[in-house]
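For the protein sequence lines, the chains are A and B, in the order given.
Under this note's numbering, think of the first position of the first sequence as 1, with each following residue one higher.
Under this note's numbering, think of the first position of the second sequence as 279, with each following residue one higher.
Please note: incorrect hints may appear among the correct ones.
[Stated by the list, open to error] No more than 27 Å apart at the CA atoms, straight line, and that leaves these computed lysine-lysine pairs for DSSO-like: (1) A:193 to A:268; (2) A:6 to B:560; (3) A:19 to A:39; (4) A:268 to A:214; (5) A:214 to A:155; (6) A:193 to A:20; (7) B:373 to A:6; (8) B:364 to B:330; (9) B:394 to B:330; (10) A:268 to B:330; (11) A:276 to B:394; (12) A:276 to B:330; (13) A:19 to A:88; (14) A:163 to A:39; (15) B:493 to B:373; (16) A:6 to A:39; (17) B:394 to B:373; (18) A:6 to B:364; (19) B:493 to B:532; (20) A:214 to A:276; (21) A:268 to B:364.
Worth flagging that the hints you see were computed from the coordinates, not collected in a lab.
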Amino acid sequence: MSLINKSAAQLLAPIVSNKKVGQYHQIIINIGDLATLCKPGNFVAINVGGDSSSMILRRAFAISRVSISSTFGGTMEIIAAPHGQGSKWLCAQGEGVVLDIVAPLGTAFGIPTEPVPVLLVGGGYGSAPLFGLAEVLNARGCRVDMLLGASTASKIYAPMEGKRAVNSMRIYTEDGSMGQAGRVTDPISEIIKDLDIAVVYSCGPMAMLSAITKITDSHSVVHQCAVEEAMACGIGVCMTCVLPVENEDGTVSMLRSCIDGPVMDGSKVQWDLVGKPL
Amino acid sequence: MTAIDFSTTIGNTWFPAPTFTASGCASSGRELAQFFPLREMGGIVTKSVMSKVRTGRPTPRMAETPSGMLNSIGLQGPGIDAFIAKDIPYLTEQKARIIVSIAGETVEEYSTLARKLRSVSGISAIEVNISCPNVENRGLVFACDPEASRRVIDGVRRTIGGELPIIAKLSPDVTDLVSIARGVVDAGADGLALINTVLGMVINVDTMRPHLGGKTGGLSGPAIRPIAVRAVYQVHAAMPNIPILGMGGIASGKDALEMILAGASGVSIGTASFGNPTAIMKIQNDLKQLLIDRGFTSLKQAIGYAHRLETESADA
Chain A
1 MSLINKSAAQ LLAPIVSNKK VGQYHQIIIN IGDLATLCKP GNFVAINVGG DSSSMILRRA
61 FAISRVSISS TFGGTMEIIA APHGQGSKWL CAQGEGVVLD IVAPLGTAFG IPTEPVPVLL
121 VGGGYGSAPL FGLAEVLNAR GCRVDMLLGA STASKIYAPM EGKRAVNSMR IYTEDGSMGQ
181 AGRVTDPISE IIKDLDIAVV YSCGPMAMLS AITKITDSHS VVHQCAVEEA MACGIGVCMT
241 CVLPVENEDG TVSMLRSCID GPVMDGSKVQ WDLVGKPL
Chain B
279 MTAIDFSTTI GNTWFPAPTF TASGCASSGR ELAQFFPLRE MGGIVTKSVM SKVRTGRPTP
339 RMAETPSGML NSIGLQGPGI DAFIAKDIPY LTEQKARIIV SIAGETVEEY STLARKLRSV
399 SGISAIEVNI SCPNVENRGL VFACDPEASR RVIDGVRRTI GGELPIIAKL SPDVTDLVSI
459 ARGVVDAGAD GLALINTVLG MVINVDTMRP HLGGKTGGLS GPAIRPIAVR AVYQVHAAMP
519 NIPILGMGGI ASGKDALEMI LAGASGVSIG TASFGNPTAI MKIQNDLKQL LIDRGFTSLK
579 QAIGYAHRLE TESADA
């Protein structure tokens with residue numbers, strides 16, 4: 001077998017529940033034993049629209065959490081925003097609907113071997129996979145602090161139970177409608193110094209990830225970010241989701257965010273070159 | 279299951295099944311190998327490789343469209359040397375049947391690529407991609423120019439010698455596909471791959487600019503299938519003895535059968551694999567059953583069956 005996509009399987013998986021949480025949908029899917037292979041950072045690619053759909057491509061969602069319970073067996077949770085035609089279809093599917101999924105895909109967040117202080121930064125519903133990550137980091141003994149940001153209150157995703165695994169959670173909205181007014185990147189520099197942060201984990205829009213990298217680079221702190229780039233296949237064959245990333249020899253390659261990511265070393269991504277010809 | 283001879287031949291090469299990946303839609307196989315054994319399909323057509331490392335076009339490279347998608351990759355790839363060193367041994371180890379797709383910017387580059395592949399063992403055929411729409415300059419699409427197409431194939435044929443089958447991949451974006459097909463066959467192509475993507479564009483109405491980084495892209499998926507069926511039908515009618523690898527939006531066994539009936543000796547599955555990594559295996563199995571259901575005892579009986587005279591019955 002190949003090393004690429006090595007844990008991935010295609011599965012028909014029923015929806016266990018679909019709940020509206022603010023502007024988002026929390027969808028729980030029964031995936032059986034596959035749950036044991038999913039790690040924070042991995043994503044799932046889901047067929048949308050049914051058999052006669054004109055939407056031919058899967059939609060990728062970060063796996064925000066997996067759990068293994070006696071009632072449902074293994075399940076995964078995704079947080080979806082009904083923005084496009086495909087995600088609207090998915091958010092309209094109820095309990096019992098069987099989804100065609102491929103998972104787990106992509107790289108996972110690296111977990112420190114030592115219990116070091118870490119900072120998690122989420123933009124919009126990009127915060128979703130950070131809660132599952134927080135639980136793993138907490139179990140490793142890390143002090144976990146979290147910053148969430150969005151343009152406005154309704155776009156913040158912060159479930160109550162998500163606070164259990166974090167030491168502190170601060171919210172920033174650009175319009176000041178929730179938490180503090182400002183950008184989520186504003187306090188990062190100070191927190192890194194005050195708490196002696198060793199690793200920053202982030203997930204959210206490209207501009208946020210780029211801005212965080214400037215800060216972490218200036219402090220020589222590791223930045224593991226989960227990127228969002230439009231994908232056609234999610235399994236590495238189509239070459240559409242590429243990002244310019246610096247190689248060890250200093251050259252830059254277009255790496256696929258589906259198999260070389262979504263979790264990447266922020267300091268290696270050439271943010272200024274995204275969307276430009278190499 | 280009733281016995282059926284499901285095999286096909288392209289030039290002098292025999293394949294146990296008529297189902298292949300489409301170039302550019304399966305990379306070099308490693309990604310799909312997690313989902314099914316590569317040796318179980320007819321063969322893999324690898325992503326068109328050029329002589330040097332190529333980074334491709336800027337992002338965005340993709341736009342989903344109704345029943346299709348536009349791509350603007352620009353032949354990103356490792357270059358022929360790394361491909362021969364890393365990908366061929368992997369595919370050979372997997373016991374996959376390999377059709378290597380090559381692409382060049384000049385007639386000479388194609389010949390250089392053929393020279394490098396000449397001594398490589400384990401290759402079943404070479405696809406000469408003269409129709410990628412995602413090159414820097416639309417003028418570089420050889421397949422839109424009958425004389426340039428002929429020169430590329432002639433150069434590859436002379437370099438490679440008479441052994442390895444050559445399949446020319448053509449564009450549907452031409453006024454007279456049959457004459458271009460005839461030209462490349464006269465120049466030494468053993469088979470034809472029909473069709474490459476259709477040139478298209480999407481404009482983002484928010485930014486009010488072309489959505490793709492490369493502005494134009496190649497349209498693929500079920501949206502272009504009738505164009506592909508027409509192209510295969512026309513070329514098969516003109517040259518019934520030339521094997522055609524039919525492709526363009528095949529997403530089901532029924533779609534594959536349609537292409538075979540139009541005159542294809544084999545089919546390539548491209549965009550369908552993006553939406554479903556096991557699409558090719560399902561299509562292969564369903565096509566076999568559909569042929570059996572219609573009373574065919576071999577795939578070869580069904581090739582071009584839609585061309586039969588109106589007085590002939592529908593019985594196979």
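Problem - Numbers of the earlier hints that this structure fails to satisfy, in rising order - result: Violated hints: 6, 11, 15 and 19; rest satisfied.
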